[in-house]
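Chemist: The residues making up each chain are set out below.
2 protein chains.
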Amino acid sequence: MDTPADTPAAVSSSSSPEEETPWLSAKEQQFWRAHLEVSHLLDYQLGRELQPHGLANNDYEILVVLSESPDRRMRMTDLATATLQSKSRLSHQITRMETAGLVLRQECPGDRRGLYAHLTEQGWEILQKVAPDHVRSVRHHFIDRFTPEQIETLHAALAPVAEHLRSLRGRS
Amino acid sequence: MDTPADTPAAVSSSSSPEEETPWLSAKEQQFWRAHLEVSHLLDYQLGRELQPHGLANNDYEILVVLSESPDRRMRMTDLATATLQSKSRLSHQITRMETAGLVLRQECPGDRRGLYAHLTEQGWEILQKVAPDHVRSVRHHFIDRFTPEQIETLHAALAPVAEHLRSLRGRS
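These protein sequence lines map, in sequence, to chains A and B.
Mind the numbering: the first sequence is residues 1 to 172 in the UniProt record's numbering, read in order.
Mind the numbering: the second sequence is residues 1 to 172 in the UniProt record's numbering, read in order.
It is possible that some hints are incorrect.
[Said to hold, decoys possible] Calculated cross-link-like contacts (lysine-lysine; reagent style DSSO-like; alpha-carbon spacing at most 27 Å):
hint, chain 1, residue 1, chain 2, residue 2
1, B, K27, A, K129
2, B, K87, A, K87
3, B, K129, A, K27
[Claimed, not checked] Partial list, derived from the structure: chain B residues whose beta carbon lies under 7 Å from chain A:
hint, residue
4, E28
5, Q30
6, R145
Derived from the structure by calculation, the hints contain no laboratory data.
We treat Cβ as the ideally placed atom computed from N, Cα and C, and that holds for glycine.
From just these sequences and the hints, can you work out the full model?
Modeler: Written out as structure tokens, the structure is:
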């Protein structure tokens with residue numbers, strides 16, 4: 001899929017003089033490309049299927065995160081961390097979602113650490129309306145394409161990697 | 001990781017009246033979240049490690065795609081398809097990369113179908129310089145965290161899903 005490949009064929013013959021570059025083997029390269037394809041094309045497809053609901057992937061993600069937070073609200077800085085966005089990008093997105101009536105930005109009385117994003121009643125209702133379609137998309141394009149045994153195996157392989165990557169994010 | 005979850009806990013009790021929603025089981029949900037975490041956190045981490053080179057993930061992807069194309073160039077519309085971007089978003093990105101001297105936008109004489117993006121000599125050199133570091137990142141955060149057997153199994157499971165998703169994109 002034409003994603004950040006690590007060993008572009010035309011480059012793999014060059015190596016840094018001081019240290020041999022550990023280029024991927026053909027098998028590793030195939031796997032890496034399959035991972036990137038599934039990762040990016042799945043995001044793309046789920047995004048397309050959210051469009052008729054007037055939502056982008058990021059919007060949906062924010063609705064879910066807020067719906068699962070106490071009082072259906074979260075400090076903007078925490079929401080930025082949770083959704084891997086810069087504060088400025090999140091701020092723009094929340095502005096758009098505020099215009100659409102999905103969330104509300106409010107200062108918390110007595111809390112100087114800044115603004116909170118709140119899920120509105122309308123945002124909550126839209127999430128409830130969209131979630132069934134979204135889970136059908138996730139099943140059709142991903143989950144139902146694996147056997148229960150594959151799901152076990154893949155989860156066992158991915159969970160430690162997720163853990164590693166989470167720990168790095170915490171350190172940032 | 002607080003990503004587009006499909007079955008927000010608080011929502012899963014509701015179901016559309018006309019049709020039962022096929023919510024994910026606990027196991028499926030765990031696997032889905034692990035997939036999303038690895039997918040998004042890995043992109044995030046690789047992006048952070050490209051930053052010192054002055055590149056974003058998208059920049060690197062475009063350098064790789066162009067480097068693998070005949071004459072190191074590609075029609076803008078094809079490049080947009082290949083990198084899953086809208087034409088307008090790609091156009092903005094190519095403008096930034098042009099300013100950085102990495103690519104060049106040119107009309108092709110005798111081809112009315114529009115503009116091409118060319119990899120410049122400088123873009124090519126930067127890709128050669130960055131690729132060894134990038135492959136080390138990919139190994140450290142992903143590939144080397146699986147056994148050869150896991151890589152076989154994961155690739156066998158993911159390849160048909162990638163194929164399915166590619167076929168959908170073709171249809172768009």
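Chemist: Against this structure, judge whether each hint is valid.
Modeler: Do the hints match the structure? See the list:
1. B:K27 x A:K129: Given pair B:K27, A:K129 holds - Cα atoms ~24 Å apart, limit 27 Å.
2. B:K87 x A:K87: holds (26 Å)
3. B:K129 x A:K27: Given that 27 Å is the threshold and the Cα spacing comes to 24 Å, the pair holds.
4. E28: holds (5 Å)
5. Q30: holds (6 Å)
6. R145: Status holds, d = 5 Å.
The structure shown violates none of the earlier numbered hints.
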